[in-house]
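Could you build all of it, start to finish, from the sequences and the hints given here?
With mature numbering (1 follows the signal peptide of the UniProt record, and there is no 0) as the guide, the letters of the sequence shown map in order to residues -19 to -1, 1 to 257.
One or more of the hints may lead you astray.
Dumping the calculated DMTMM-like pairs for lysine to aspartate or glutamate here, alpha-carbon to alpha-carbon at most 20 Å [as the list claims (entries may be wrong)]: (1) K156 with E218; (2) K95 with D219; (3) K118 with D31; (4) K21 with E11; (5) K91 with D31; (6) K91 with E218; (7) K156 with D31; (8) K58 with E212; (9) K95 with E56; (10) K118 with D194; (11) K91 with D186; (12) K58 with E245; (13) K220 with D154; (14) K91 with D219; (15) K95 with E218; (16) K58 with D186; (17) K95 with D39; (18) K105 with E56; (19) K156 with D61; (20) K118 with D154; (21) K21 with D219; (22) K118 with E14; (23) K58 with D39; (24) K156 with E212; (25) K95 with E107; (26) K95 with E212; (27) K95 with D42; (28) K91 with D61; (29) K21 with E234; (30) K220 with D31; (31) K255 with E175; (32) K118 with D172; (33) K91 with D152; (34) K95 with D61; (35) K91 with E245.
Using C-beta positions, here's what the derived DEER-type ranges look like [said to hold, decoys possible]: (36) R232 with D39: 48 to 58 Å; (37) F128 with G244: 19 to 29 Å; (38) N174 with E11: 25 to 35 Å; (39) G130 with A227: 18 to 28 Å; (40) I7 with F243: 29 to 39 Å.
No wet-lab data here; the hints were simulated from the structure. Keep in mind the model is a prediction, meaning the values are calculated, not measured. Note that beta-carbon positions come from the ideal geometry of N, C-alpha and C, so glycine has one too.
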Amino acid sequence: MKKSFFIALLSLFSASTLAQDSFFPIWGEEAYERGYTLPKPYGFSISYMDMSNPIIVDSIDINGGFAGGLVDDIEAKHADFTGSNITLRGDVWVFPFMNLYGILGYTEAKSTAKIDSITVAGNKVELDNANFTLDMKGTTYGAGVTFAGGVDNWFSILDINYTYTSLNVIDGDIKTLVAAPRFGHRWTYNDGNELRVYIGGMYQDVQQFLSGDVNALGFNGGPLTDGTRFEVSQRTEDKWNFITGAQFQFRHEWEILTEFGFGERSSAFISLGKRF
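Structure follows, in structure tokens:
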């Protein structure tokens, strides 16, 4: 899914002068007096993410069946997942090295599992071109923490967040845990402009629990009796992938970030943020 992120946002990490009239960050004055440059303490950003990855289908349970009898078992091992979300994020640097943030967004996703066979009334039937498609839409909530540090112009960041998506088209939810270490280099220019380039990895653990009326799914495995319902449990197949990205800061305040993920799970992310 796209969490997602799931999930891993760096839209508000920047180097700018400390806001002297703010209580945050704690120990900020001490860090500033020692020559460190710090971000402005408060930030707000809007971001968009697109993602695709394979997932493992743990189970598909059917309560009901075909005209010929009840469904005893559905065999499906893998599914293809695609998704996107729009996210609003607010954050505060509590300490010079630690940022806390909250997430509110909207997620749309689809997973399509190939059905290998269905057992009805004790009879196993092999299927060709039978798919089980789930369309998912809902509101995403979450929170996270970012730890940051560096030496000279080299920096490292560890971002951890947890999000919960409550679905409103079918019953169910998507729970996502993301952890993303990043390492990079920054270049500073005149007037508070700065460029950061980094590489890293993203760990994403997605758990999906979904249920609803089978007739609303576009299931093409055969005619089903009225009132037949489903329950599906599925999860991320490949939890790690490689990421690379860049962030440009304009005049200590405005920031734009782009990030791309590669591997079995691919992703594209863009964010625009402002610090106060």
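Going down the list of hints, with the structure as the test:
At roughly 15 Å between alpha-carbon atoms, K156 and E218 fall within 20 Å of each other, so this suggested pair holds. A hinted pair counts as satisfied when its Cα atoms are at most 20 Å apart, and K95 with D219 qualifies at roughly 18 Å. Distance hint between K118 and D31 is fulfilled; the C-alpha atoms sit about 14 Å from each other, no more than 20 Å. Simply put, K21 and E11 have alpha-carbon atoms about 15 Å apart, close enough for the 20 Å limit, and the pair holds.
A hinted pair counts as satisfied when its Cα atoms are at most 20 Å apart, and K91 with D31 qualifies at roughly 12 Å. Our distance criterion of 20 Å between C-alpha atoms is met by K91 and E218, whose separation comes to about 16 Å. Pair hint K156 plus D31 holds up; C-alpha atoms about 17 Å apart against a cutoff of 20 Å. Restraint check for K58 and E212: the C-alpha separation of about 15 Å stays at or below 20 Å, so the hint holds.
Annotation: proposed proximity of K95 to E56 holds, straight-line Cα distance about 9 Å (limit 20 Å). This hinted pair checks out: K118 and D194 have alpha carbons roughly 16 Å apart, not beyond 20 Å. Between K91 and D186 the CA atoms are separated by roughly 17 Å; this keeps the pair inside 20 Å, and the hint holds. Taking the CA atoms of K58 and E245, the gap is about 16 Å. The hint holds against a cut of 20 Å.
Annotation: proposed proximity of K220 to D154 holds, straight-line Cα distance about 19 Å (limit 20 Å). Taking the CA atoms of K91 and D219, the gap is near 17 Å; set against the 20 Å cutoff, the hint holds. Annotation: proposed proximity of K95 to E218 holds, straight-line Cα distance about 15 Å (limit 20 Å). Proposed proximity of K58 and D186 is supported: the alpha carbons are some 18 Å apart, at most 20 Å.
For the proposed pair K95 and D39, the alpha carbon gap of about 13 Å is at most 20 Å, so the pair holds. In summary, the hint linking K105 to E56 is supported, as the alpha carbons are separated by about 10 Å, within the 20 Å threshold. Using a Cα cut-off of 20 Å, the hinted pair K156 and D61 holds, with the two alpha carbons roughly 18 Å apart. Between K118 and D154 the CA atoms are separated by roughly 10 Å; this keeps the pair inside 20 Å, and the hint holds.
Proximity of K21 to D219 is assessed by CA-CA distance (about 36 Å); at most 20 Å being required, the pair is judged violated. The suggested pairing of K118 with E14 is violated, with an alpha-carbon distance near 49 Å, which exceeds 20 Å. For the hint pairing K58 with D39, the CA-to-CA distance comes to about 7 Å; that is within 20 Å, so the pair holds. With a C-alpha separation of about 16 Å, the suggested pairing of K156 with E212 holds against the 20 Å cut-off.
Distance restraint check for K95 and E107: the Cα-Cα separation of roughly 12 Å lies within the 20 Å cut-off, and the hinted pair is therefore satisfied. Distance hint between K95 and E212 is fulfilled; the C-alpha atoms sit about 16 Å from each other, no more than 20 Å. Taking the CA atoms of K95 and D42, the gap is about 15 Å. The hint holds against a cut of 20 Å. For the suggested pair K91 and D61, the alpha carbons sit about 8 Å apart, so the restraint of at most 20 Å is met.
Between K21 and E234, the direct Cα distance comes to roughly 8 Å. Compliance with the 20 Å bound is thereby established for this hinted pair. For the hint linking K220 to D31, the alpha-carbon distance of about 16 Å falls within 20 Å, and the restraint holds. Only pairs whose Cα atoms come within 20 Å are accepted, and K255 paired with E175 is accepted, the gap being roughly 14 Å. With a C-alpha separation of about 43 Å, the suggested pairing of K118 with D172 is violated against the 20 Å cut-off.
In summary, the hint linking K91 to D152 is supported, as the alpha carbons are separated by about 14 Å, within the 20 Å threshold. Distance hint between K95 and D61 is fulfilled; the C-alpha atoms sit about 9 Å from each other, no more than 20 Å. Between K91 and E245, the direct Cα distance comes to roughly 17 Å. Compliance with the 20 Å bound is thereby established for this hinted pair. Separation of R232 from D39 is about 50 Å and conforms to the stated range, judged on CB atoms against 48 to 58 Å.
Between F128 and G244, the C-beta spacing of about 24 Å keeps the proposed range 19 to 29 Å intact. For N174 paired with E11, a C-beta distance near 27 Å keeps the hint of 25 to 35 Å intact. Roughly 20 Å separates the CB atoms of G130 and A227, a value that falls within the hinted 18 to 28 Å. In this structure the hint that I7 and F243 lie 29 to 39 Å apart at CB holds, the actual value being about 38 Å.
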